[in-house]
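Colleague: Listed below, chain by chain, are the residues.
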Amino acid sequence: MSVDRLRRRLVSGFTCTAASAALLPCCLGRAVLAAGASLRFSTTQIADGVFAFQGADELMTAANNGAICNLGAVIGTDAVAVIDSGGSLIEAQAFLAAIGKLTAKPVRFLVNTHMHPDHIFGNAAFRKIGATIVGHRNLPRALEARGAFYLHNYREQLGEALMQGVEIVSPTMLVDDHLQLDLGGRMIELRAWKAAHTDNDLTVFDTATRTLFAGDLVFMGSLPTLDGSLLGWLRQMDALTAIDAARVVPGHGPVTADWPQAVAGERRYFEILARDIRKAIADGTPLREAVKTAGESERDNWHLFDDYNERNATAAFAELEWE
Amino acid sequence: MQNHVYSSRQLALPLASVFVAIILAIGTLLGSSGTASAQQTTASSDRIWHDLKGDVFGDRAILVDTGVVRIEAPKRAQDAAIVPVDIYLDPAKAPDGIKSVTLIIDANPAPVAATFQLGKDAGVTHLSTRVRVNDYSYLRAIAETQSGQLHMMQTFVKASGGCSAPAVKNQDEANATMGQMKLRQFPPKETMTKTEELQLMIRHPNNSGLQRDPLTQYFIPAHFVQKLSISQAGRPILSMEGGISISEDPNFRFDFTVHGNGEIQVEATDTDGKTFRNQWPLETAGL
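If you're matching them up, the sequences are chains A and B in order.
Its first residue numbered 257, the first sequence is counted upward by one per residue in the working numbering.
Its first residue numbered 1418, the second sequence is counted upward by one per residue in the working numbering.
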C-alpha cells in the first residue's frame, strides 16, 4: 500500500471515529459528546510501517481526552502491534479506528510500556478485540497496588464522562527480560528494565527500521516524572543509549527524535536533581525544605515543571537518603 | 515524514446536533449526570472525623488549637506516597507533661495513622515523619497530657493529582532490603545543651494493604511496621503503635534530651511478626 494511500486512509479513519463517536450514543454515551467535541488527533508515519500518535504536552484533562502520551503502531505482514493504549477508552478507540484504516491486519498485540494511566486506560478496548496485552513482569503487581486509586483519582480529574468504560486491565503475556514478537516479516524486541521511571518499564524496538519506542524512559519537553528509582534510571542510562536505534519515540514530547541525543535533557535534569538533593541530605536539611529548591535551575527547560518537580524531588530525597 | 492532522470540530453537522440534544435529554431524564464527586472537602473530612473520634477517644473533650501540639504539612501533597508531616509539642503549655500523640488522616482507608508514646523525661518537642495521603484530607495531631487532657491541631492537605499513587515505588528493592536501618545523629546546634536530634530510617515496604485487587476484589494483605520503640540504654525516648499510613521506608526525625552516654536502641516489629533490632553508640557521648 502506498504511503499516499495510507495517509488518506489514516485521515479518514479519524473522521470516521469522531463521527461515530458523536452518533453512536448506545455504545459510548455522553462521554463522547462531552469529550469528543474537541477530539483532535495528529498521527505521523515515522518509518516504513511504523506509526506514532503524539500526545499533548499537558496534564490529562477531559479537554484532551487523556491523550497526553505518544502511542505507536508497528505493522507486519501478518499482524499489528500497538504500543500503549492511551489515557481513555475514547482515545484507544480512535487509535484503533485509525489503524483499521491503515491496514486490514489484526491488532494482535498491545504492549504496555508501564503502569501509568495515560498509557493503560485504553486497555479494555484492546481486550475487547482479542489482542494479547503484553507488559513487564512487575506490571500486574503494580496495577494491583494502584488500580483502585487511579480509577478514583482520575474520575475526579477527568470527569465521569471520559472515565466511562475505563478499566484496569492487566497484561496476560509478561516479559521477564527480553521477548520477541513476530508480526510477520518483522520482529519487535521487548525489553524489561530494572526500576527507573517505574518498576515496570518496558521498551519496544522495531528491528526492521531500528525504531525505539522508549515509553516514559525518555521524556522530551515535558518534565520527566519519577515513580520508580532515580538511581536506577541514571544507572541504566548507558544501557539505554547503547541501543542501536536510528530514532526514538519518547513517551512524551515530539513524535520522533534522534537517538541517543534525545535523552540528553532528561539526563542533565536528573543529575542536577540528584546533586541538589545529595547536598541537602549532607547538610541535614529536612525533606520538606529541601524539595522547595532542588532542581530549580532546570525550571526554564521544561513544560509542567511546577506540576512535577517537587514531587520528583520528594521521591529522590527518600531514595538518596539511603546511599 | 508526513503529518496528518484532523480536527473533529469540523464535524458540526446538523444531524450530530440533533443527537446531542436527544442524548442530553435522555441523560437528564435518567438522572445520570454523573455520580456525585467522591473527593473529600474540608467539610466531608470533618464529617469523617466526627464519626471517627468517638471510636478513638470516646466522649472525652478535645481542646483545639491550644498550642500544646502543632502540626505542619504541605498544602498540596506532591507525592501521595511520601507526604512530610511535622508535629511540634510545647511542654511549657502542658506542665504535667505530654504522654502521647496520635496522628490521624481522616480520608485514608484506616484513618488512625499512628500513635506515638513519648518517654517520660525524653524531652521530645518535635517529630517529623512521612505518610501516605489517599485523598483530600485533614491531618490531625492529638496530644494527650499525663493528666489525660486531649489537645488537637489539624491541617488540610490536598491530595496529589495525577499518577502519583500512595504505593511502593520499587517493590523488589523494598522486599530485598527489608529490615535495614540507618540512624543519623545531628549534633546539638549549641554546645552545653543536652538536646540532640535523631533520624531513624527503616527499610520496609510498609504496605497499608487497603488497596483492592481490581480483578479479584480481594484486599492485598497489609504488611507494615506496627510497633517501634526507640530508647537510650533502656530508657524510652519514643515508641509507635499502628503505623498503617506511614510511608514506605518509615522515617522518623525527632529531638530528645540525652541522658548519659548509653547507646541508642531500636526495635521494630511488623505485621508478619518479624522483629528488627539495632543499636548505635551515641556520637555525642561524653558531653
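Honestly, the hints are just simulated from the structure, not real lab data.
For glycine and all other residues, C-beta sits at the position ideal for the given N, C-alpha and C.
There could be a bad hint or two in this list.
What the hints assert, rightly or not - Over 10 Å on every C-beta distance to chain A, these chain B residues come out as not near it, computed from the model:
#1 D1463
#2 G1471
#3 R1477
#4 D1503
#5 P1508
#6 P1512
#7 T1542
#8 Q1566
#9 A1582
#10 R1601
#11 M1618
#12 N1678
#13 K1691
What the hints assert, rightly or not - The calculated DSSO-like cross-link candidates involving lysine-lysine, where the alpha carbons are at most 27 Å apart (straight line), are:
#14 B:K1691 <-> B:K1599
#15 A:K535 <-> B:K1599
#16 A:K548 <-> B:K1492
#17 B:K1537 <-> B:K1516
#18 A:K361 <-> A:K384
#19 A:K548 <-> B:K1575
#20 B:K1492 <-> A:K535
#21 B:K1537 <-> B:K1611
#22 B:K1510 <-> B:K1575
#23 B:K1470 <-> B:K1575
#24 A:K450 <-> B:K1470
#25 B:K1644 <-> A:K548
#26 A:K535 <-> A:K548
#27 B:K1599 <-> B:K1611
#28 B:K1537 <-> B:K1492
#29 B:K1537 <-> B:K1575
#30 B:K1470 <-> B:K1644
#31 B:K1611 <-> B:K1492
Stated by the list, open to error - The calculated label-pair distances, taken between Cβ atoms and stated as ranges, are:
#32 B:P1604 <-> A:E314: 32 to 38 Å
#33 B:N1592 <-> A:D514: 50 to 56 Å
#34 B:G1596 <-> A:D494: 27 to 33 Å
#35 A:H434 <-> B:D1463: 26 to 32 Å
#36 A:H434 <-> B:R1464: 50 to 56 Å
#37 B:R1464 <-> A:D494: 37 to 43 Å
#38 A:L490 <-> B:T1458: 36 to 42 Å
#39 A:D494 <-> B:K1537: 53 to 59 Å
#40 B:F1603 <-> A:A502: 18 to 24 Å
Colleague: Taking each numbered hint in turn, which are not upheld by the structure, reported in ascending numerical order?
Modeller: Hints 4, 9, 10, 11, 22, 24, 25, 28, 29, 31, 32, 33, 35, 37 and 40 not satisfied by this model.
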